[in-house]
Amino acid sequence: ILDDPDLKDIDPTVLKHCHAAAATCILEAGKQQADISAIRHLYTCLEDCKLDKERIEQFCTEYQKNKDSLEILLGSIGRSPLHITDVSWRLEYQIKNNQLHKTYQPSYLVTLNIENSDSGSHPDVSFSCTMEQLQDLVGKLKDAAKSLERATQM
Amino acid sequence: MLLVLSAEHRAHLGCLPRAGGAAVGELGRLALEQLRRGAAPRACEAAARKLNIGVDTIQHGVEGLTYLLTESSKLMISDTDFQDSIHVLGFSDELNKSLLQLYLDNRKEIRSILGELAPRLPSYHSLEWRLDVQLASRSLRQQIKPAVTMKLHLNQNEDQTAQVLQTDPATLLHLIQQLEQALGEMKTNHCRRIVRNMK
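Taken in sequence, the protein lines are chains Z and L.
Here the first sequence is numbered in the UniProt record's numbering, starting from 1 and rising by one per residue.
Here the second sequence is numbered in the UniProt record's numbering, starting from 1 and rising by one per residue.
Rather than coming from a laboratory, the hints here were simulated on the basis of the structure.
Predicted model, so just to flag it, every value in this text is computed and none were measured.
For every residue, glycine included, the Cβ atom is placed at its ideal position computed from N, Cα and C.
Honestly, I wouldn't trust all of these hints.
Simulated DEER-style distance windows between Cβ atoms [what the hints assert, rightly or not]: (1) L:M198 to Z:A151: 44 to 54 Å; (2) L:M76 to Z:Q153: 51 to 61 Å; (3) L:V88 to Z:R90: 35 to 45 Å; (4) Z:R55 to L:D168: 37 to 47 Å; (5) L:N157 to Z:I95: 43 to 53 Å; (6) L:L131 to Z:G75: 46 to 56 Å; (7) L:S6 to Z:R90: 38 to 48 Å; (8) L:Q181 to Z:I95: 21 to 31 Å; (9) Z:L91 to L:K145: 32 to 42 Å; (10) L:D93 to Z:T111: 50 to 60 Å.
Computed cross-link-like contacts, EDC-like style, restricted to lysine to aspartate or glutamate with a CA-CA straight-line distance of at most 20 Å [to be verified]: (11) L:K145 to Z:D68; (12) Z:K102 to L:E109; (13) L:K199 to Z:E92; (14) Z:K102 to L:D132; (15) Z:K102 to L:E128; (16) L:K74 to L:E94; (17) L:K187 to Z:D136; (18) Z:K142 to L:E128; (19) L:K145 to L:D168; (20) Z:K140 to L:E26; (21) L:K151 to Z:E132; (22) L:K151 to L:E128; (23) L:K97 to L:E116; (24) Z:K142 to L:E180; (25) L:K97 to L:D168; (26) Z:K140 to L:D79; (27) L:K187 to Z:E92; (28) Z:K146 to L:D132; (29) L:K151 to Z:D86; (30) Z:K102 to L:E71; (31) L:K108 to L:D79; (32) Z:K102 to L:D81; (33) Z:K146 to L:E116; (34) Z:K142 to Z:E92; (35) L:K151 to Z:D124; (36) Z:K31 to Z:D86; (37) L:K151 to Z:E115; (38) Z:K146 to Z:D136; (39) L:K145 to Z:E115; (40) Z:K146 to L:D105.
Using the sequences provided together with the hints, build the complete structure.
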């Protein structure tokens with residue numbers, strides 16, 4: 001804002017105050033999930049601050065335009081457990097190792113890609129499993145998905 | 001595939017014919033116990049006293065037998081190969097037969113013990129899951145954000161670790177699709193052909 005040519009003539013302190021005030025106002029409105037009735041609330045609030053009608057209209061329209069992206073941004077702030085973003089898998093067939101020959105066992109290596117909202121990425125979780133174990137895992141995930149579906153239908 | 005026995009190994013096993021039939025059974029039992037639980041010097045001493053042979057000889061005999069059994073089980077050699085391999089020791093037929101029987105009876109168990117020595121990645125144990133809906137947070141009120149929270153139990157070298165993870169519905173469906181594809185791979189012609197030809 002300090003580099004904007006249109007605002008060059010205004011005292012920087014005042015500019016900062018204005019910016020901060022506007023930002024706080026928007027954030028608070030966004031936090032409380034301002035819907036149509038609350039927009040009116042915002043409107044009256046700004047009226048109390050003795051802004052003229054045209055400016056209030058402009059402010060509210062701009063707010064409406066960006067409301068959704070603001071909601072998404074605010075919703076993504078906050079702590080949560082490590083979040084799985086993707087999965088990779090590898091199927092291998094073991095023939096022998098130095099302790100035991102002729103093992104002949106298939107096994108899966110599954111890697112879950114993890115993202116941590118606080119500190120960027122996080123080491124991925126990798127584990128090996130047999131076919132039966134993978135079937136168990138997939139079965140449980142499917143149960144979770146089914147209960148999700150049922151919940152949305154309620 | 002024949003087993004090659006070194007001179008030292010042959011010397012160790014050399015005590016067997018002198019010890020007699022009952023001793024072979026005793027030594028065999030000691031060898032298996034050693035494989036299951038590790039060296040037991042007291043048991044060797046007791047056996048030495050009972051059979052009236054030196055402790056060192058007993059110890060060597062047990063070690064020789066242990067090595068013979070582990071190598072044979074590791075390579076999974078057939079009956080004929082085993083018999084041919086011990087033929088070089090010049091034992092009596094009876095002794096050869098009891099050694100073969102010892103090998104065949106315990107091969108499976110020894111292989112499973114050896115299997116535990118292999119290098120291992122953390123392996124899957126189980127998964128618990130829970131469906132959550134986030135309703136509000138400090139920065140945003142009045143949300144509806146569904147999520148699936150999971151606790152993944154893994155085994156790493158006999159320790160159990162549990163990790164709490166979360167995912168959203170879209171990713172969950174993606175995970176299921178990907179892992180089902182993985183399971184399907186085993187049933188393709190390519191994999192079936194390899195499994196068949198590797199045996």
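Evaluation of the provided hints:
no.: 1; hint: L:M198 to Z:A151: 44 to 54 Å; in the structure: holds (46 Å)
no.: 2; hint: L:M76 to Z:Q153: 51 to 61 Å; in the structure: holds (55 Å)
no.: 3; hint: L:V88 to Z:R90: 35 to 45 Å; in the structure: holds (44 Å)
no.: 4; hint: Z:R55 to L:D168: 37 to 47 Å; in the structure: holds (40 Å)
no.: 5; hint: L:N157 to Z:I95: 43 to 53 Å; in the structure: violated (23 Å)
no.: 6; hint: L:L131 to Z:G75: 46 to 56 Å; in the structure: violated (18 Å)
no.: 7; hint: L:S6 to Z:R90: 38 to 48 Å; in the structure: holds (39 Å)
no.: 8; hint: L:Q181 to Z:I95: 21 to 31 Å; in the structure: holds (24 Å)
no.: 9; hint: Z:L91 to L:K145: 32 to 42 Å; in the structure: holds (35 Å)
no.: 10; hint: L:D93 to Z:T111: 50 to 60 Å; in the structure: holds (56 Å)
no.: 11; hint: L:K145 to Z:D68; in the structure: holds (15 Å)
no.: 12; hint: Z:K102 to L:E109; in the structure: holds (15 Å)
no.: 13; hint: L:K199 to Z:E92; in the structure: holds (15 Å)
no.: 14; hint: Z:K102 to L:D132; in the structure: violated (46 Å)
no.: 15; hint: Z:K102 to L:E128; in the structure: violated (35 Å)
no.: 16; hint: L:K74 to L:E94; in the structure: violated (25 Å)
no.: 17; hint: L:K187 to Z:D136; in the structure: holds (17 Å)
no.: 18; hint: Z:K142 to L:E128; in the structure: holds (12 Å)
no.: 19; hint: L:K145 to L:D168; in the structure: holds (9 Å)
no.: 20; hint: Z:K140 to L:E26; in the structure: violated (50 Å)
no.: 21; hint: L:K151 to Z:E132; in the structure: holds (19 Å)
no.: 22; hint: L:K151 to L:E128; in the structure: holds (5 Å)
no.: 23; hint: L:K97 to L:E116; in the structure: violated (29 Å)
no.: 24; hint: Z:K142 to L:E180; in the structure: holds (10 Å)
no.: 25; hint: L:K97 to L:D168; in the structure: violated (64 Å)
no.: 26; hint: Z:K140 to L:D79; in the structure: violated (45 Å)
no.: 27; hint: L:K187 to Z:E92; in the structure: holds (13 Å)
no.: 28; hint: Z:K146 to L:D132; in the structure: holds (14 Å)
no.: 29; hint: L:K151 to Z:D86; in the structure: holds (17 Å)
no.: 30; hint: Z:K102 to L:E71; in the structure: holds (13 Å)
no.: 31; hint: L:K108 to L:D79; in the structure: holds (14 Å)
no.: 32; hint: Z:K102 to L:D81; in the structure: holds (16 Å)
no.: 33; hint: Z:K146 to L:E116; in the structure: violated (37 Å)
no.: 34; hint: Z:K142 to Z:E92; in the structure: violated (24 Å)
no.: 35; hint: L:K151 to Z:D124; in the structure: holds (15 Å)
no.: 36; hint: Z:K31 to Z:D86; in the structure: violated (30 Å)
no.: 37; hint: L:K151 to Z:E115; in the structure: holds (16 Å)
no.: 38; hint: Z:K146 to Z:D136; in the structure: holds (15 Å)
no.: 39; hint: L:K145 to Z:E115; in the structure: holds (18 Å)
no.: 40; hint: Z:K146 to L:D105; in the structure: violated (48 Å)
Taken one by one, the earlier hints fail for this structure at numbers 5, 6, 14, 15, 16, 20, 23, 25, 26, 33, 34, 36, 40, listed in ascending order.
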